[in-house]
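Visitor: Using the hints, position chain X against chain H.
Top to bottom, those sequences are chains H and X.
For the first sequence, the residue numbers in the numbering used here are 263 to 735.
For the second sequence, the residue numbers in the numbering used here are 10 to 365.
If you are wondering where the hints come from, they were derived from the structure by calculation, not from laboratory data.
No residue lacks a Cβ here, since even glycine has one placed at the ideal position from N, Cα and C.
Computed Cβ-Cβ distance ranges for the label pairs, DEER-style:
| id | chain 1 | residue 1 | chain 2 | residue 2 | range |
| --- | --- | --- | --- | --- | --- |
| 1 | H | Ile578 | X | Ala260 | 46 to 52 Å |
| 2 | X | Arg314 | H | Ala683 | 53 to 59 Å |
| 3 | H | Gly661 | X | Ala40 | 41 to 47 Å |
| 4 | H | Thr364 | X | Asp217 | 48 to 54 Å |
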Amino acid sequence: MLFNSLTFVVFFVLVLGGYWTLRSWTARKNLLLVASYIFYGAWNPPFALLLFATTALDFYLGARIARAEGPRARRGWMIASVTSNLSMLGFFKYGNFLLENTQWLLARVGIVYAPPHLDVFLPIGISFYTFHSLSYTLDVYRGVCAPTRSLRDFTLAVSFFPQLVAGPIVRAADFLPQLVTAPVLRAGQFGWGLLLMTLGLFEKIVLADTLLSGSADAVFDHGGPLHALDAWTGVLAFAGQIFFDFAGYSTCAIGAALCLGFHLKDNFRFPYAAMGFSDFWRRWHISLSTFLRDFLYIPLGGNRDGVTRAAINLMIVMFIGGLWHGAAWTFVVWGLLHGVFLVIERVVTAVAKEPRWAQAFIGQLLIGLGTYAAVCFAWVFFRAPNFTTAARLLGAMTGGGPKGDAILSTREILQVGSVTACLLFAHWNLRHTSIEAAVARLPRGLIVGVWTLMLSAIVLTQGNGHAFIYFQF
Amino acid sequence: MPSSISSFERAIPPRPWRGLAFAAALLTIGAAGAWEIRCRAWGYAPTLNDTPELWARQRRVVQPDSIVIIGDSRPFFDMDLDQLQAGLGQRPIQLALAGSCAYPMLADFANDQSFHGTVICSIVPLMFFAPGGPLLQNSADALKSYHHGTWAQRSGNELGIRLEEHIAFLRLEDLTLEEMLKRLPIPNRADAQLGPPLPPYFATVERDRRARMIDGCAQPGKLQDRVKYGWLPLFTPPPPPSYVPADAFMAAMHQAVEARFHDAAAAVAKIRGRGGKVVFVRFPVSGELKKHEDKLTPRAGPWDRLLKESGAPGIYFEDYPELASFVCPEWSHLSAPDSVEFTKRLVPHLRAALAP
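Bound-form chain X, shown alone:
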């Protein structure tokens, strides 16, 4: 039998590799340092990226009797966990996710046989009843990370947290190469069907996923305007695809929304059947965005019907003067100081709604 000695050896280019590697490393560190200084000068500060892995990290903290907050970005910004802990006697777990639909999270808790705690669920009808698209995809990504995340992803997230807490340019929403390329002022074709841009960086996120609006957005100015005027196109349902007849598309959407009412009621019934509680909350919204939402999804429509069909209690901010008096600086979320006061005022209503 022939010998199995292999003589293969890769060629190594004859260069002073130790010195070259050292020089490249030094220059890269220098470039990263300069970029960090530039980003801080622009107003960026170290904060966590709200990734699916960070969401899954908090989801794993949930105990059978926990209080959890689910929904879109409004409870994410508007709920102060310290105030809730003081008022409810238990620190809630923040599982609201910006740009997501709350229904998959609600269904996930309904299907978690061990869970018999309390769900505080934010309702923005245009998001909660979304039949598909990125809102549901964002929820699905977070749930996938929770249910199927690997040990490697978990440890990567823990390492990432430690870096993001100290480095300002680690901002996935704004400062990645891809996001910077997207901001290049290159005109598009007249007939291009492109989605509206997502808002830029305007919040900090802590380890327990408490989000706070940054001052630059809470005060009038360029950033606030950029965020504010970005909401209307984002909250406008896209037109039917060119390749699907409009009436067939609308019929399918109607069917999906009807199914969502039924499924949400069923999920609430499951949680309540195990002794858990669910309360729906409509958080403050202001300005043109409020007019837009009221026009597309008036309160008498989805909100009232959801409460009726699910039998769950609801808190609609406009029903209470002490909650209705808040103004969202960029129309959709409260400033960080206002979120503390708002939560303090919301707590009695939550206690009442959750009372046996």
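Just chain H, same shape as in the assembly:
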């Protein structure tokens, strides 16, 4: 079920009505659990069984970790959880990728091997719910989270419908405590939740799908050389599209959860105003970057063992981060590029004292724009279906390619330019604050006006039913 669908509107109204009508907290949790499985099963009912199997296994393994006597046994149960989760993810998401690469490698040494193509559907949101579930056993192992005795509560924590299929990656340690007692709605919580949902839908339906996706798709799907203006427009369009698409989903999820009395953490904090790449990853897909930091980077040694080891650790983390997004080498290159950016940034900041110009407004602006340009450069690999397309686009963007086709209308170029300028302006001005603090300062009339405009624009787009990009991950 998509947030941007009529079905979800009806579903959410019914769930909200039932949830706040029921008096018993147990009954409310049961309702949320059933609703979450309906939400997920509406795509493909058998995959709901897979979701439950993953959840039940981690519930059992979490209990075994907690009960295990001695570090070796605890570690063994933790490894069992990691292995089972990653095996399932590997089979569904990376099976064909592994087979194709094995075939390629064997061909290099003269062995002809024709693997069968695994005709498997990728369960929607598998990367997200696997991490939701895995975070529980890892946190129980680390002693950050006490094991829950309620399978129902844990199942709800993994499958809670606002964040189930495209994040934020909500850790059981953050969510399970919210299931202990019935939430009490604070003043304004419901209305603010609705405004966040409106904002998220506006970002997705109006900005990502209506104003940006057409140009991005046209440019990345074009089979020949492109005019530099078109190439840049397409890449900027995708940079905006993926932000509005993903941040829109997260904002909707946070808003929907608030309406139900739950609190999810921010997943984005104005990332296109980042001053450097470490800052970017503190602002972009925060729930994934903190997951990888806590469960991969720090266990690998983090930056405790010197600069070289920290650089290697960063590259490993970004390699995994790239691969998490999709079973293709283009995603790996995207991740590794960010790894290289992070390493270079660390080396530069380690050897050079921050110059005075970097603290001035112009210096900050240049660093911010430079970071954005490098992030856009990396997006080319993320979105391009193959390296040939990526190379062609980069050639067009840098003037290194042959004279190319002009495939976008002036209207599309203006549209992308305007949205990008507004996006960067908004991120720049809000980079030191939060959306809550910014809204708290706005006059009431302006809030109503902006809210009405967003709702009207959503109605005017008539909902195109485009799936969220991150569903495929």
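Guide: Same frame as chain H, but now just chain X:
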């Protein structure tokens, strides 16, 4: 073991949210009401959007012995289902799709082992033999919705139908933000390679996907001219891409068209092999568009060859004076009243073609 109590709580901006939400909702409803009145004043009336989901909804109605209509927009506009039901003794299921290539639908029925009914397939050679592009994509989208549509999409479609039957501004072809932005008079670069615009709203669609041309298009005027003069660029094959040598491109196109003849004949043979029937129909076309189609795809070319290679019967409107006398107001489709009369006259030919 540490406690797992989380103290995280999101901040709520201290504003009177209930009042603000109420005001925003009221203003939005007011704005939507004003927009609805404006759209009706422009001549729009509530009607369904012919989406892939609506197509899939009708496809699911098909029984093994059904009569189905597939093809482009011509049978979609020109075939009256009541007349067909009266004449053929069974209500056909309208599965023709505007701006699509019929071949994927034909192949889908051929591969549906349970199907042994009758297929009435419209042929517009420039569309049926399209080697790729949006025509095939539209067919693929509809088939994807049928084969892989989720329960959520189905229920969304049912809810959408109920809204579209009452709200005029829910017009995906014309009145979305995106379509309105496309109509802004902004000049393009001289060398921009842009596709021709699609026609505006000029038909109503019912639940069983019966389309009827609106009066505003059936009568001479601005709308009719806009639709009429939009066809020629749409029915002109695009030039080869700049990055593919012209001769290689033409060779690939030729190969794809040859393959389509073979595949279509094979699909017909499969359906007939199970006891089903297929009849090809060439629907009326008028004016400059007829001259254009006759020049690019003369009857002696694709039409005759398709009938010969597939062995299926065909009805070419020009062969029968009672069918050839109709004039398409905007060159490509019949008006709603004419579509009823045309279907009445077509029925005897269909019965003859489908007779054992």
